[in-house]
Amino acid sequence: MKYLLICIFTVVSNADILLVATPSCRFDTLDSKMVKRLFMKKTTQYQGEAVKVYDNRELYNDFIQTFIKKTPTKMNIYWTRMIFTGTKKPPKKVTGNDLLSLSKESDICHLSYTTQPIQGWKEIHVH
Amino acid sequence: MKHITFATLLSTFTIAGMENLHINGFGTLGLTYQGNNEIIYTDTWRSDHGTDGEISLLNDTKFGLQLDWQATDKLDFTLQGTVDSEGANLEWANIKYTLNDNHNIKIGQMRFPTAMYSDILKVSYSYNWVRLPEDIYGILPLTSYIGAEYNYQNNYKGMEYRFKLYTGRSEDTMVGSQDVGDYTIILEHIYGANISLNWEDLSIRVGYTRTDITIDNERVNNYFEQAYQDPNLSSATKSILHSYDPRAKDTQYLSFGFKYDYQALYLLGEYVWIDMDNIISDNYAGYISTGYHYGVWTPHITYSKVKGKSNYSHNVEDPLVDAALEEMATRTQTNQEHITLGVRYDWKSNIALKMQYDHIIEGNEGRGISIHKEQPYDPENIHLISLSMDFIF
Numbered sequence: 000m001k002y003l004l005i006c007i008f009t010v011v012s013n014a015d016i017l018l019v020a021t022p023s024c025r026f027d028t029l030d031s032k033m034v035k036r037l038f039m040k041k042t043t044q045y046q047g048e049a050v051k052v053y054d055n056r057e058l059y060n061d062f063i064q065t066f067i068k069k070t071p072t073k074m075n076i077y078w079t080r081m082i083f084t085g086t087k088k089p090p091k092k093v094t095g096n097d098l099l100s101l102s103k104e105s106d107i108c109h110l111s112y113t114t115q116p117i118q119g120w121k122e123i124h125v126h
Numbered sequence: 050m051k052h053i054t055f056a057t058l059l060s061t062f063t064i065a066g067m068e069n070l071h072i073n074g075f076g077t078l079g080l081t082y083q084g085n086n087e088i089i090y091t092d093t094w095r096s097d098h099g100t101d102g103e104i105s106l107l108n109d110t111k112f113g114l115q116l117d118w119q120a121t122d123k124l125d126f127t128l129q130g131t132v133d134s135e136g137a138n139l140e141w142a143n144i145k146y147t148l149n150d151n152h153n154i155k156i157g158q159m160r161f162p163t164a165m166y167s168d169i170l171k172v173s174y175s176y177n178w179v180r181l182p183e184d185i186y187g188i189l190p191l192t193s194y195i196g197a198e199y200n201y202q203n204n205y206k207g208m209e210y211r212f213k214l215y216t217g218r219s220e221d222t223m224v225g226s227q228d229v230g231d232y233t234i235i236l237e238h239i240y241g242a243n244i245s246l247n248w249e250d251l252s253i254r255v256g257y258t259r260t261d262i263t264i265d266n267e268r269v270n271n272y273f274e275q276a277y278q279d280p281n282l283s284s285a286t287k288s289i290l291h292s293y294d295p296r297a298k299d300t301q302y303l304s305f306g307f308k309y310d311y312q313a314l315y316l317l318g319e320y321v322w323i324d325m326d327n328i329i330s331d332n333y334a335g336y337i338s339t340g341y342h343y344g345v346w347t348p349h350i351t352y353s354k355v356k357g358k359s360n361y362s363h364n365v366e367d368p369l370v371d372a373a374l375e376e377m378a379t380r381t382q383t384n385q386e387h388i389t390l391g392v393r394y395d396w397k398s399n400i401a402l403k404m405q406y407d408h409i410i411e412g413n414e415g416r417g418i419s420i421h422k423e424q425p426y427d428p429e430n431i432h433l434i435s436l437s438m439d440f441i442f
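Quick note, the sequences are listed as chains A and B, same order. Numbered by this note's numbering, the letters in the first sequence go through residues 0 to 126 in order. Numbered by this note's numbering, the letters in the second sequence go through residues 50 to 442 in order.
Among the hints, a few may not be true.
[To be verified] Derived lysine-lysine pairs resembling DSS-like cross-links, with alpha carbons at most 25 Å apart: (1) A/Lys87 to B/Lys308; (2) B/Lys206 to A/Lys73; (3) A/Lys87 to A/Lys69; (4) A/Lys51 to A/Lys88; (5) A/Lys87 to B/Lys206; (6) B/Lys308 to A/Lys88; (7) A/Lys121 to A/Lys73; (8) A/Lys35 to B/Lys123; (9) A/Lys41 to A/Lys68; (10) B/Lys206 to A/Lys91; (11) A/Lys87 to A/Lys73; (12) A/Lys41 to B/Lys213; (13) A/Lys103 to A/Lys121; (14) A/Lys121 to A/Lys91; (15) A/Lys51 to B/Lys206; (16) A/Lys103 to A/Lys32; (17) A/Lys91 to A/Lys73; (18) B/Lys213 to A/Lys40; (19) B/Lys397 to A/Lys91; (20) A/Lys73 to A/Lys103; (21) B/Lys358 to A/Lys73; (22) B/Lys111 to A/Lys32; (23) A/Lys92 to A/Lys121; (24) A/Lys32 to A/Lys51; (25) A/Lys41 to B/Lys123; (26) A/Lys35 to B/Lys111; (27) B/Lys358 to A/Lys87; (28) A/Lys69 to A/Lys103; (29) A/Lys41 to A/Lys51; (30) A/Lys40 to B/Lys123; (31) B/Lys123 to A/Lys51; (32) B/Lys287 to B/Lys397; (33) B/Lys111 to A/Lys40; (34) B/Lys123 to A/Lys87; (35) B/Lys358 to A/Lys88.
I should point out that these hints are in silico values taken from the structure, not numbers from a laboratory. Bear in mind the structure is a predicted one, so any value in this text is a computation, not a measurement.
Take these sequences, add in the hints, and give me the full structure.
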């Protein structure tokens, strides 16, 4: 069992992360700086469209190191400052199952990340 | 378990059925020791608690709790309280109205944004030191105010900029020395502005605040009132005395700070100038700090200094009045140098362990920040060891 968990962990850690969005999002590509701004909640809009971002519980550390280019500690410090000065809250943490149910809210643009394509979500290309 | 992060922990403290209500907290369990029992080490003149020859929990130990309620997409309420050796304090209690991504307004009680870390002073997890450099953060008169602030943020070609305007009032009672007694500091007509720029790995911040400050102390008030009514003092002397009266006098704070990250290395510095139009001395303070993020370890070194400049120019003829004013000016003239060596270890995603050595060299002109039990004042070298555990939830 222990061996199996280690294998799963290794797969998750090294997996390529896909940025995904619900079909209501009007964009299909994002530049890397905009991804960073959205997930650090420096903006909540892209091209005039409101975007709700969600962190994936299982992939959080890998995502912030790959896409946000920060260490988990630095990111914690960033959010600590934002929270305890009443500035903003971090994105809600969700699981893969949560993402499936979010796709039913067809009128809102949701943005998150995963390792596999999810039914009802489209892949967003990052450049 | 590697993937359980602070943000994950955060989500567990939303209240069932009330997803817009969040409870977060922070705290520090801190031990300090310096061996001189004639000195009480404090990191601010707002406090008279700390290590005095024995291991003490009083300098750094604290606990804070914050309640946030997002009433609507645009309206948020924040309430934050802390408990430390000085007692219970309300730090934040305000309503925020968000117009859009760029503009928001806060009304209520906020922390003073005088210097770069003023708004997060008690949340030790958010910086690498055990405590913020006292040479700047220990000499600022008050930590929070009641009023309003306007925030604007935007970005231009990759450079983020933030602008803050604020106004309000603040008041707090401080513990004074045995011979002077307690005093109340009142800041009225506070007006301030900050601008922060972030470009790639460089952050720069400039801040300016002006206020009318009153230092309300029965003994000092009596001294000035009696002097104004003394028939033996000339009107010229009384006029000069009025210029030194510490009531309702203009005060200005100017601060400059920067942080630069170069890969795992960082360089950080701040400078604050406090200009008082009364007998209280002006103060110039600054620090420069560098550290290196080596995995979960962050060793760092800081040099800081505060130097006071007396506002008293010995232009009063009466020798007794001259001596009294000289005493007041010297007591408020801060003068010390400070070297800090420390290391931060990020033990868990929400817990940091820190160890720090401080060497504080008190200057001859004026006073250090720590309390000397023996009078007359004699400057000392203070060697301080600190251990702390900072946590957030």
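Hint check results:
no., hint, result
1, A/Lys87 to B/Lys308, "holds (22 Å)"
2, B/Lys206 to A/Lys73, "holds (24 Å)"
3, A/Lys87 to A/Lys69, "holds (19 Å)"
4, A/Lys51 to A/Lys88, "holds (12 Å)"
5, A/Lys87 to B/Lys206, "holds (23 Å)"
6, B/Lys308 to A/Lys88, "holds (23 Å)"
7, A/Lys121 to A/Lys73, "violated (30 Å)"
8, A/Lys35 to B/Lys123, "holds (23 Å)"
9, A/Lys41 to A/Lys68, "holds (15 Å)"
10, B/Lys206 to A/Lys91, "violated (29 Å)"
11, A/Lys87 to A/Lys73, "holds (16 Å)"
12, A/Lys41 to B/Lys213, "holds (16 Å)"
13, A/Lys103 to A/Lys121, "holds (13 Å)"
14, A/Lys121 to A/Lys91, "holds (20 Å)"
15, A/Lys51 to B/Lys206, "holds (23 Å)"
16, A/Lys103 to A/Lys32, "violated (28 Å)"
17, A/Lys91 to A/Lys73, "holds (18 Å)"
18, B/Lys213 to A/Lys40, "holds (18 Å)"
19, B/Lys397 to A/Lys91, "holds (21 Å)"
20, A/Lys73 to A/Lys103, "violated (34 Å)"
21, B/Lys358 to A/Lys73, "violated (38 Å)"
22, B/Lys111 to A/Lys32, "violated (38 Å)"
23, A/Lys92 to A/Lys121, "holds (19 Å)"
24, A/Lys32 to A/Lys51, "holds (17 Å)"
25, A/Lys41 to B/Lys123, "holds (16 Å)"
26, A/Lys35 to B/Lys111, "violated (33 Å)"
27, B/Lys358 to A/Lys87, "violated (40 Å)"
28, A/Lys69 to A/Lys103, "violated (32 Å)"
29, A/Lys41 to A/Lys51, "holds (12 Å)"
30, A/Lys40 to B/Lys123, "holds (15 Å)"
31, B/Lys123 to A/Lys51, "holds (15 Å)"
32, B/Lys287 to B/Lys397, "violated (62 Å)"
33, B/Lys111 to A/Lys40, "violated (29 Å)"
34, B/Lys123 to A/Lys87, "holds (12 Å)"
35, B/Lys358 to A/Lys88, "violated (43 Å)"
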